[in-house]
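Chains as they are written, first to last, in full-length UniProt numbering: chain H, 1 to 247; chain G, 1 to 247.
There may be inaccurate statements among the hints.
Listed next, the stretches of chain G that the computed footprint assigns to chain H, with coverage defined by at least 3 CB atoms under 8 Å from CB atoms of chain H [stated by the list, open to error]:
(1) 13-19
(2) 104-117
(3) 129-142
Just the calculated beta-carbon pair ranges, DEER-fashion [unchecked claim]:
(4) G:Ser156 <-> H:Ser55: 52 to 58 Å
(5) G:Leu57 <-> H:Ser156: 39 to 45 Å
(6) H:Ser211 <-> G:Glu204: 28 to 34 Å
(7) H:Ala89 <-> G:Pro64: 36 to 42 Å
(8) H:Glu121 <-> G:Leu52: 25 to 31 Å
(9) G:Ser53 <-> H:Met1: 36 to 42 Å
(10) G:Gln160 <-> H:Pro41: 30 to 36 Å
(11) G:Pro64 <-> H:Ala72: 53 to 59 Å
(12) H:Pro153 <-> G:Leu57: 23 to 29 Å
Keep in mind that the hints were calculated from the coordinates and are not lab data. Just so you know, these numbers come straight off a predicted model, no measurement behind them. Note that the Cβ used here is the ideal one computed from N, Cα and C, for glycine as well.
Number of protein chains: 2
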Amino acid sequence: MSGKLYGLGLGPGDPELITLKAHRILTTAPVVAYPAPDTGPSFARQIAAGYLSPSQLEVPMVVPMRVERYPAQEVYDEAAATLSRHLDAGSDVAVLCEGDPFFYGSFMYLFERLAGRYETEMVPGVSSIMAGASAFGRPLAARNDVLTVIPGPLESDEMQARIAASDAVAIIKVGRHFNRIRQLLEKMNLVESAGYLERISLPEQRVLPLSAVVEDSAPYFSIILIYKGQEGWISALRPSQSNGTRP
Amino acid sequence: MSGKLYGLGLGPGDPELITLKAHRILTTAPVVAYPAPDTGPSFARQIAAGYLSPSQLEVPMVVPMRVERYPAQEVYDEAAATLSRHLDAGSDVAVLCEGDPFFYGSFMYLFERLAGRYETEMVPGVSSIMAGASAFGRPLAARNDVLTVIPGPLESDEMQARIAASDAVAIIKVGRHFNRIRQLLEKMNLVESAGYLERISLPEQRVLPLSAVVEDSAPYFSIILIYKGQEGWISALRPSQSNGTRP
């Protein structure tokens, strides 16, 4: 009998923001797979590290990080083939996913290759945009607000139109688009309504008004939250939440 | 010394989708408060029920459910006054929230009354839209999709414009607007791209193509997901996920 495939959402980074369900599966699955960059550690594995045991087989799936380009599909063909061998051998396989697996996650590439052939269960996770709103101490969206989630690479004119039409906005995957987006928000007179977050829920988290960011760039996992209805909340950010420059 | 206020996101309904952090606070807080309707059980308390102990003091905050109208602010004034008495007495207070506390949640009304006076910590939770995508087995959004979250009460012309401008859409708080929204999506030729979900992650969960819904109404906690890029996925919903009519 084939093993079962799990897509495990691990939340934004704090290992305590894993769900009880993801924790149960994470600690019992015989095979644990995760995306890993060419060099350096896997963020998904870092979130889960404290829960893994030496008796579990770890399968890093190396996904070359190329700016602005989706990884070659052959990478996922190969990863799917590797996981298939474990599933065919009857082992359950837990694939670790940062945040939520179906919210802009790369797990979809494995899902579309494997879910038709193996029993598959998704475990949703806490998303960075929800965790970001909690870190800020302001609602992401309220009442009958329309909330728009915009990926940072979106071209500026289109981004402007989307922001203009929304009550609340979360811009994700800000990364190297940071300066362009900040200039756009300056043009739209929205900098004072925008907050910037990076490494949400981790010890090195930074949460500050966009106007206070001194750098010209941002890490890939950074977001900008805009709440047009309530300009005042950015200036009300408490000092303890605004921890200056990057370490 | 005053107690600490917690806003605890409990996720979409399955008690196993609580985070480890919410679980820790939930099981140790001396005072546990939750919104409750005039009659009937509190959904937030139901999610947490298995983790509560008789030694904890429970504080139901009765919030009359009025269709289409936000509860009178006096209700929250009174709830805040009640919680203040416990906080002033030095007890930590955990406020239970369905889903994520800052994603269209009513916790904001307590937050704005109490966070300035007491140490306050938010614990983000798994949102119903992420859990819905997992239940469907399709991404909520992918790559550089723009995702729009639209509250069901939004007026039809505006809703149509927002849907037309988005790659992926989640309509929340569908409830009594169900028929109007379905008719709008029929007009827009999007019914075949839309899925319907109610009571996500609970044993009575229903997940089915919008075209297969026979009722003319929906419960308040129901959502419609639209994924314009991939019409095929709705017809690919597996039979086990489409569990017919309401019990």
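Status of the hints after comparison with the structure:
Under a criterion of three residues with beta carbons nearer than 8 Å to beta carbons of chain H, the stated coverage of the stretch 13-19 of chain G is upheld, 6 such residues being counted. Using a Cβ-Cβ cut-off of 8 Å, 5 residues of the stretch 104-117 of chain G lie near chain H, which meets the minimum of three, so the contact claim holds. Check on the stretch 129-142 of chain G: 11 of its residues sit with their Cβ under 8 Å from a Cβ of chain H, so the three-residue criterion for coverage holds. A hinted range of 52 to 58 Å holds for the C-beta pair serine 156 (chain G) and serine 55 (chain H), which are about 57 Å apart.
Here the CB-CB span from leucine 57 (chain G) to serine 156 (chain H) is close to 53 Å, at odds with the stated 39 to 45 Å. In this structure the supplied range 28 to 34 Å is violated for serine 211 (chain H) paired with glutamate 204 (chain G), their Cβ-Cβ distance being about 48 Å. Evaluation of the 36 to 42 Å hint for alanine 89 (chain H) and proline 64 (chain G) yields a failure: the beta carbon distance comes to about 57 Å. Checking the proposed 25 to 31 Å range against glutamate 121 (chain H) and leucine 52 (chain G) shows it holds: the Cβ atoms sit about 28 Å from each other.
The hinted window of 36 to 42 Å between serine 53 (chain G) and methionine 1 (chain H) holds, with their beta carbons roughly 40 Å apart. Between glutamine 160 (chain G) and proline 41 (chain H) the beta carbon distance is about 46 Å. The supplied range of 30 to 36 Å is therefore violated. Range check, proline 64 (chain G) to alanine 72 (chain H): about 56 Å between beta-carbon atoms, so the 53 to 59 Å window is met. The hinted window of 23 to 29 Å between proline 153 (chain H) and leucine 57 (chain G) is violated, with their beta carbons roughly 50 Å apart.
Violation of the numbered hints given earlier is confined to hints 5, 6, 7, 10 and 12; the remaining hints are satisfied by the structure.
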